[in-house]
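Engineer: Modelling step: build the complete structure from the supplied sequences, incorporating the hints.
Start counting the sequence shown at -7; every next residue gets the next number (my numbering).
Quick caveat, the hints were computed from the structure, so don't treat them as lab data.
Honestly, I wouldn't trust all of these hints.
To be verified - Below are the SDA-like pairs computed for lysine to any residue, each with C-alpha atoms no more than 20 Å apart in a straight line:
{"id": "1", "residue 1": "LYS66", "residue 2": "VAL95"}
{"id": "2", "residue 1": "LYS67", "residue 2": "ILE4"}
{"id": "3", "residue 1": "LYS67", "residue 2": "GLU15"}
{"id": "4", "residue 1": "LYS66", "residue 2": "SER117"}
{"id": "5", "residue 1": "LYS67", "residue 2": "CYS94"}
{"id": "6", "residue 1": "LYS66", "residue 2": "HIS125"}
{"id": "7", "residue 1": "LYS177", "residue 2": "SER117"}
{"id": "8", "residue 1": "LYS67", "residue 2": "THR10"}
{"id": "9", "residue 1": "LYS66", "residue 2": "VAL7"}
{"id": "10", "residue 1": "LYS67", "residue 2": "GLU3"}
{"id": "11", "residue 1": "LYS66", "residue 2": "ASP81"}
{"id": "12", "residue 1": "LYS67", "residue 2": "PHE122"}
{"id": "13", "residue 1": "LYS177", "residue 2": "THR100"}
{"id": "14", "residue 1": "LYS67", "residue 2": "VAL53"}
{"id": "15", "residue 1": "LYS67", "residue 2": "LEU83"}
{"id": "16", "residue 1": "LYS67", "residue 2": "HIS125"}
{"id": "17", "residue 1": "LYS177", "residue 2": "SER99"}
{"id": "18", "residue 1": "LYS66", "residue 2": "VAL40"}
{"id": "19", "residue 1": "LYS177", "residue 2": "ASP106"}
{"id": "20", "residue 1": "LYS66", "residue 2": "THR10"}
{"id": "21", "residue 1": "LYS66", "residue 2": "ARG41"}
{"id": "22", "residue 1": "LYS66", "residue 2": "GLU0"}
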Amino acid sequence: MFTGLIEEVGEIESVRQTDAGRELRIPASFTDLTNGESIAVNGACLTVREFGAGWFSSAAVTTTLDRTVIADWKKGTRVNLERAMRPGDRLGGHIVQGHVDCVARVSTVERSGDALLVDLSLPPSIEPLFVLHGSIAVDGVSLTVNELRPGGLQLSLIEYTLRHTTLGDLRPGARVHVEADVIAKHVRRLLEPYMREASTLNSLTDFSLEH
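Structural biologist: What follows is the structure, given as structure tokens:
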């Protein structure tokens, strides 16, 4: 589990295809890593395979590549890094699992005073999971939904976020990892049977009225 508070930004040093998957070697200042621990890399939970002084490596398997933009990463790609949360840590962001729900596309980026407004286009299936001023993780960064838009939503990025994450690099057309609030996902799952039942009853009622 993560919080969406980025610890540092890394720059991919090398990418190669191995039996373990698409293997990434990333420089980082973490000094007490262990093999098998989890690190969120741009919001995707990856496992540390090897590490040394100032670096670690992780591999993304086919399933992960299909759900993320990791297949597009290359040497020099900048990524947000966060180690898994420890018991007793402050939960300054929100609960982030490191499970990417979708890849969204940046539609517009515009400066507004001291904030950078970023509009994201989202798949229709995930739109209902977001609410005004609710939580969202974008490339692993815990953010607040600034506005809901048809087909997507807007983010308002503060200066600190722009300096300490990769989000300051966003441009129209960029693709980003999005993770919805896990509580919203569970609530929707629990309500689905009742929503289907209500939809069926409404259809029957409409049929009866028409005939």
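Engineer: So, for every hint listed, does it hold in this structure?
Structural biologist: Now for the hints, and whether the structure bears them out:
1. Taking the CA atoms of LYS66 and VAL95, the gap is about 18 Å. The hint holds against a cut of 20 Å.
2. The suggested pairing of LYS67 with ILE4 holds, with an alpha-carbon distance near 5 Å, which does not exceed 20 Å.
3. As the CA atoms of LYS67 and GLU15 are separated by approximately 12 Å, the hinted pair is consistent with the 20 Å bound.
4. For the given pair, LYS66 sits about 30 Å from SER117 by alpha-carbon distance, which is inconsistent with the 20 Å threshold.
5. Under the criterion of a C-alpha separation no larger than 20 Å, the hint pairing LYS67 with CYS94 is inconsistent with the structure, at around 24 Å.
6. With a C-alpha separation of about 34 Å, the suggested pairing of LYS66 with HIS125 is violated against the 20 Å cut-off.
7. Proximity of LYS177 to SER117 is assessed by CA-CA distance (about 11 Å); at most 20 Å being required, the pair is judged to hold.
8. Only pairs whose Cα atoms come within 20 Å are accepted, and LYS67 paired with THR10 is accepted, the gap being roughly 16 Å.
9. In summary, the hint linking LYS66 to VAL7 is supported, as the alpha carbons are separated by about 6 Å, within the 20 Å threshold.
10. For the hint linking LYS67 to GLU3, the alpha-carbon distance of about 8 Å falls within 20 Å, and the restraint holds.
11. For a cut-off of 20 Å, the pair hint linking LYS66 to ASP81 is broken: about 33 Å separates their Cα positions.
12. Only pairs whose Cα atoms come within 20 Å are accepted, and LYS67 paired with PHE122 is rejected, the gap being roughly 34 Å.
13. A threshold of 20 Å between alpha carbons decides the hint, and for LYS177 with THR100 the separation of about 27 Å lies outside it, so the pair is violated.
14. For a cut-off of 20 Å, the pair hint linking LYS67 to VAL53 stands: about 18 Å separates their Cα positions.
15. Using a Cα cut-off of 20 Å, the hinted pair LYS67 and LEU83 is violated, with the two alpha carbons roughly 32 Å apart.
16. Distance hint between LYS67 and HIS125 is unfulfilled; the C-alpha atoms sit about 36 Å from each other, more than 20 Å.
17. For the hint linking LYS177 to SER99, the alpha-carbon distance of about 25 Å lies beyond 20 Å, and the restraint is violated.
18. At most 20 Å may separate the alpha-carbon atoms for a hinted pair to count; LYS66 and VAL40 meet this at roughly 18 Å.
19. Our distance criterion of 20 Å between C-alpha atoms is broken by LYS177 and ASP106, whose separation comes to about 32 Å.
20. With a CA separation close to 15 Å, the supplied pair LYS66 and THR10 stays within the 20 Å bound.
21. Taking the CA atoms of LYS66 and ARG41, the gap is about 19 Å. The hint holds against a cut of 20 Å.
22. As the CA atoms of LYS66 and GLU0 are separated by approximately 19 Å, the hinted pair is consistent with the 20 Å bound.
The earlier numbered hints that this structure contradicts are 4, 5, 6, 11, 12, 13, 15, 16, 17, 19.
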